[in-house]
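In terms of the UniProt record's numbering, the first sequence opens at residue 1 and continues consecutively.
Keep in mind that the hints were calculated from the coordinates and are not lab data. Glycine included, C-beta positions come from ideal geometry on N, C-alpha and C. Careful: at least some of the hints might be erroneous.
DEER-style ranges, computed between Cβ atoms [unchecked claim]:
#1 Asp872 x Ala711: 52 to 58 Å
#2 Ala601 x Asn844: 45 to 51 Å
#3 Arg290 x Gln143: 54 to 60 Å
#4 Ala663 x Ala711: 38 to 44 Å
#5 Phe318 x Thr432: 41 to 47 Å
#6 Gly9 x Phe318: 47 to 53 Å
#7 Thr722 x Glu850: 28 to 34 Å
#8 Pro307 x Gln143: 56 to 62 Å
#9 Trp396 x Ala852: 45 to 51 Å
#10 Asp872 x Thr722: 27 to 33 Å
#11 Ala711 x Gly660: 29 to 35 Å
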Amino acid sequence: MSSKVLDKGYEPRQVERHWYAFWEREGHFAAADSDGRPAFSIVIPPPNVTGVLHMGHALNNTLQDILCRYHRLKGHNVLWMPGTDHAGIATQNVVERQLAAEGRDRHSLGREKFIEAVWQWREKSGSAIINQLKRLGASCDWQRERFTMDEGLSLAVRTVFVQLYEQGLIYRGLYITNWCPRCRTALSDLEVEHEELDGHLYRIRYPFARGEGGLVVATTRPETMLGDTAVAVHPEDERYADLPADSVILPLVETEIPIIRDTYVDRAFGTGALKVTPAHDPNDFELGRRHDLPSNKVIADDGTMTPAAGRFQGMDRFACREAVVAALRERGLLLGMEPHKHGVGHCYRCKSVVEPNLSRQWFVKVKPLAEPAIRAVENGDTRIIPESWAKTYFDWMYNIKDWCISRQIWWGHQIPAWTCGACAQLTVAMETPARCPACGGSDLTQETDVLDTWFSSALWPFSTMGWPEQTLLLKTFYPTSVLVTGFDILFFWVARMMMMGLHFMGEVPFRDVYVHALVRDEEGKKMSKSKGNVIDPLDVIDTYGTDAFRYTLAAFAAQGRDVRLSEKRVEGYRHFINKLWNAARFALMHLERGYDAGDPAAAPALPDRWILARLRRTVAQVAEALDTYKFNEAAGAAYQFVWHEFCDWYLEAAKPALYGEDAPEAREASRRVLWHVLRDTLVLLHPFAPFVTEEIWDKLPGTSGSIMQAAFPAAADAGDDTPTEAETQMALVMSLVTAIRNVRGEMNIAPAAQLHVTVQSADEAVRAVVAQRRAIVINLARLADVTVGAPGERSATAATAIVGDCELLVELKGVIDFAQEAQRLEKELGKLNKDLSAINKKLNNDSFLEKAPPAVVAEVKEKQALLSEKQDKLNATLARVTAFQRQG
RNA sequence: GGGCGGGUAGCUCAGUCGGGAGAGCACCGGCCUUACAAGCCGGGGGUCACAGGUUCAAGCCCUGUUCCGCCUACCA
1 MSSKVLDKGY EPRQVERHWY AFWEREGHFA AADSDGRPAF SIVIPPPNVT GVLHMGHALN
61 NTLQDILCRY HRLKGHNVLW MPGTDHAGIA TQNVVERQLA AEGRDRHSLG REKFIEAVWQ
121 WREKSGSAII NQLKRLGASC DWQRERFTMD EGLSLAVRTV FVQLYEQGLI YRGLYITNWC
181 PRCRTALSDL EVEHEELDGH LYRIRYPFAR GEGGLVVATT RPETMLGDTA VAVHPEDERY
241 ADLPADSVIL PLVETEIPII RDTYVDRAFG TGALKVTPAH DPNDFELGRR HDLPSNKVIA
301 DDGTMTPAAG RFQGMDRFAC REAVVAALRE RGLLLGMEPH KHGVGHCYRC KSVVEPNLSR
361 QWFVKVKPLA EPAIRAVENG DTRIIPESWA KTYFDWMYNI KDWCISRQIW WGHQIPAWTC
421 GACAQLTVAM ETPARCPACG GSDLTQETDV LDTWFSSALW PFSTMGWPEQ TLLLKTFYPT
481 SVLVTGFDIL FFWVARMMMM GLHFMGEVPF RDVYVHALVR DEEGKKMSKS KGNVIDPLDV
541 IDTYGTDAFR YTLAAFAAQG RDVRLSEKRV EGYRHFINKL WNAARFALMH LERGYDAGDP
601 AAAPALPDRW ILARLRRTVA QVAEALDTYK FNEAAGAAYQ FVWHEFCDWY LEAAKPALYG
661 EDAPEAREAS RRVLWHVLRD TLVLLHPFAP FVTEEIWDKL PGTSGSIMQA AFPAAADAGD
721 DTPTEAETQM ALVMSLVTAI RNVRGEMNIA PAAQLHVTVQ SADEAVRAVV AQRRAIVINL
781 ARLADVTVGA PGERSATAAT AIVGDCELLV ELKGVIDFAQ EAQRLEKELG KLNKDLSAIN
841 KKLNNDSFLE KAPPAVVAEV KEKQALLSEK QDKLNATLAR VTAFQRQG
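Work out the full structure: start from the sequences and follow the hints.
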C-alpha cells in the first residue's frame with residue numbers, strides 16, 4: 001500500500017479482502033498451545049454444515065470476534081476455536097432432497113453409499129458458512145478447525161458413550177417418544193416445537209360390555225382410539241362408583257377393554273372418563289405400565305395406520321381421524337365435537353406434526369449429571385450473563401427429564417452397541433467386538449441408530465481440544481473464558497455442555513456464559529424465510545462494508561434486549577466509519593512529512609492536553625464495558641469520542657497550530673499529539689472495526705506490522721472522575737463557543753460576519769482562563785476579537801448569553817435587528833423560569849431541607865443561585881434591548 | 001397453567017447509586033468554513049403505558065391494572 005494519502009471516501013471491498021488474507025497468511029489468528037501470556041479462549045457455537053450465514057450468526061460471531069481481538073490487544077494468548085456441526089437430521093434432509101431431485105432415495109442407495117454421498121456433499125458445500133464467517137472478519141484459529149464428525153471428535157463421542165453406559169447413565173428401553181413420521185426418527189423433548197392450534201374435543205360413547213349405557217370419553221385425537229386398551233376414571237369419582245360393568249366395548253374395533261381406576265384422571269375435565277392409548281400417549285403409557293395394560297400400536301412409523309387399525313389400515317393418520325369420526329357419527333356414538341385449542345408438537349426440522357410413538361430408544365439418565373451443573377452456576381463457577389437467564393437455566397435443570405439420544409437416521413455417530421445373534425446379549429464397546437462376551441458367538445450386529453447431534457455438541461469445549469487425550473491445549477485453554485450464544489440453545493447446548501464438561505473434565509466448560517439476544521427485523525419480528533423479512537448479512541456487507549455492519553450490531557447489542565436491525569441503521573454507522581476515515585485522511589496530510597512519536601504529554605496546548613485526557617477516559621470506558629459484556633456501551637463510548645470530541649472539537653481546535661507555519665514548535669507538539677491520539681484511537685476501535693483500522697494503521701507513519709499486534713492503549717485510572725485542569729478549562733471554552741454559535745444560529749447571523757464579543761466575569765481565575773484561551777474561542781466561533789473584563793459597562797446593542805458565571809456580550813450593532821433579539825431573550829427566559837420554579841419548589845419544602853442529604857441540598861441551592869443570577873442578567877439585557885429598540 | 005422480558009421524543013433504543021429526562025435516525029432553519037455534503041453549525045419535540053403506594057424526592061423501589069413479545073407445560 002504505497003500511497004500515503006487516503007482516498008476521499010472509504011471503499012471497504014478491496015480493503016477487506018486484502019487484510020483478511022494478510023492476517024491469515026501471517027498467522028495472526030493462531031493461538032499458541034502454551035506460552036507465558038494469560039490465556040483467553042472461546043469455542044465457537046458450531047454452525048450447521050448445511051447453514052448459510054444469517055443475522056443470528058452475524059451477531060453471535062461479531063461479539064466473539066470483538067472479545068477475541070480485544071484480548072489479543074491486551075496481550076493475551078487467544079484461542080478462538082472454530083468448527084462446524086454435522087447437524088444430523090438437517091444434513092440428511094438436504095442430501096435426501098438432492099437425491100430425490102435425481103429420482104433416487106437413500107434406501108435404494110444403502111447406508112454406506114448414502115453416508116459417502118453426505119461426505120461428498122460436505123466436501124463440496126460444507127465450507128460455505130466458514131467463508132461467510134471470514135467475510136465478517138472472524139479471527140478464528142482456522143488451522144484448528146474441527147467438525148463434529150471428524151475422527152478425533154468421533155473418538156470423544158464413543159468414549160463418552162461407553163463410559164456413561166458403564167456408569168449406568170445410558171440405558172435402552174421401550175418408551176413413548178416424540179416421533180416425526182416425516183423424518184422417521186425419534187426426537188428429544190427439546191426438538192419438538194409446540195404450537196397452539198384450533199382443534200376439536202370429541203366426546204365418544206364407549207358402551208358398557210354388560211348392561212345399559214356406557215362411558216363417555218373426550219379426546220382431541222379420535223384416531224388413537226383404535227389403539228385404546230382401557231378407559232380410566234378417578235377412583236373417588238362418585239359418578240362412576242357404581243357401574244353396571246367393569247369393561248366397555250371399544251367402538252369400531254368391537255373388543256372389550258377394562259375400566260381402570262387411577263388418581264391421575266382429572267375429574268373436572270370433560271366427563272371425567274379418559275380413554276387410554278398406551279402406545280400413542282406418554283401419560284397413557286405410564287397408566288398402562290401401572291395397570292399392566294397391553295400396548296396396541298395403530299399408527300406406524302410413517303404416519304399411516306397399522307394392520308392393528310383394522311379396516312383403517314394404510315390410511316394416513318389425519319385421513320383416519322376424519323374416517324373414525326364419520327364412522328362413530330354413523331353409529332350414533334359421537335356425542336359432541338366442540339372447538340378446542342390445544343398445543344400440538346411439530347418437528348423442529350421439518351415442521352411435521354409429531355406423533356407420540358412407542359419404540360425402543362436410548363436414553364441418558366440426566367438427573368445425576370444435572371446436579372453438579374446446577375451447583376456450578378449456583379456457586380459462581382460459571383456465571384450466566386445477563387443474570388436473568390440463570391433462572392431459566394435452573395428451572396429447566398431442576399425439572400430435567402431423561403434425554404432420548406437415539407435417532408433413526410443414518411448421518412451421525414452410529415451407536416457403539418452390538419447385539420449377539422446367538423444369545424441376544426447387548427455389548428457396548430469402543431471397537432467392534434470380535435466375539436460376544438457372553439456366549440462367544442461371532443454373529444454380532446451393530447445398532448443402526450445414530451446419536452442426537454447435540455450429544456456430540458455437548459462435548460465441543462473439550463473434544464475440539466483433543467480430549468480424550470490430555471493435551472497441552474486443554475491444559476492451557478480449558479475451561480474456556482466465555483461462551484457467547486443465543487438463548488435459543490441454552491437448553492439444547494449450554495446446559496448439556498455444562499453437564500458433560502463437569503462429568504468428564506471435572507471442571508466447568510466456561511467461566512462465563514454471555515447470552516445475547518435475537519436479531520429481529522425493524523418491526524421486531526423474528527426474521528424468517530416464510531415472512532420474507534430476512535436481511536442477508538452478506539448483502540449488508542456488500543452494500544455498507546463489514547466494519548459498518550459490525551459496529552451496528554455491537555451498538556445495538558444491549559443486554560437483554562433484541563436487536564432490531566434495518567439497513568437504515570447500518571447506513572448510519574457507515575457514516576461513522578467514513579468519518580473516521582476522513583479524520584485519518586486529515587491527520588495524514590499533517591503527518592506525511594514526518595511525525596514525532598515522542599512524549600505527547602510534553603504538548604502544552606490546551607486542546608492537546610484535553611484530548612489526551614478524554615482519550616484515556618474513553619479507553620477506560622470501553623475496557624470496562626467490554627469486560628462486562630456491555631457491547632453497546634463500549635461501541636457508544638468510542639463513537640462519541642471519535643466523532644464528537646476528536647473530530648468536532650479537537651481537530652478543529654488544533655487546526656491553527658497544525659497549519660501554523662510561523663510557530664514550528666507548537667506545530668510539532670500538535671502533530672505529536674495528533675499522531676498519538678489517532679494511533680490509540682485506531683487500536684481502541686480495532687475490535688469493532690477491524691478492517692478500516694488496519695488500513696489506516698498501515699498508512700500511518702511510524703507503525704509497523706499489523707494493528708492486531710498493537711497494545712491496547714493506557715486507560716485513565718478506574719473510578720477517577722475528577723476532571724483534569726485541561727478538561728475543566730476546555731469545558732469552559734467549549735460552552736463559550738457553543739453559546740456564541742447559538743446566538744448566531746438563533747439570530748440568523750451570516751457565518752461570515754466577524755463578531756465582537758465581550759466576556760465578563762467576577763471571577764478573576766475564570767477571566768484569566770478566558771483571556772489565555774481567547775484564540776481558540778475566536779477561531780472556533782469565528783470572531784473578530786474577544787474582550788475579557790470584570791462585570792461593568794454593557795453595550796445596549798449586544799446579545800447576551802450566560803455561561804456559568806460568565807456573561808457573554810455579542811455585539812449586534814449593525815448586524816441584526818433588535819426585535820429579534822428581544823424575542824430570543826424572552827424565549828430563553830421562559831425556559832429559565834420553568835427550571836427555576838421547579839427548583840424553588842424544592843427549596844420551599846421544609847422536609848426536603850431537613851431530610852435530604854446536605855450535599856444534595858447544597859447542590860440545589862447552588863443551582864438556584866446560578867439560575868436566578870442568570871435570570872437577573874437576562875432580564876437586565878432584555879430591558880436594555882427593549883429600551884434600545886424603542887429609541888430606534 | 002407457570003415463568004421471563006418489555007411499554008421513555010415521530011421511529012429505534014440508552015438511562016449506573018432514587019436527586020436537574022438522553023442518543024442515533026427523522027424533522028425544521030442556516031452553511032459548498034482548505035478531512036469529510038456519507039459533511040458542518042444551530043433548533044423544535046416527552047403525561048417516562050395506566051392507577052395507587054413508599055420517600056423530602058420515583059423513569060428507577062413496592063402493589064395492582066392493561067397491552068405487546070418470548071420461553072415453558074402430560075389435563076385427554
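TODO: Of all the hints given earlier, name the ones this structure violates by number, lowest first.
DONE: 4 and 6
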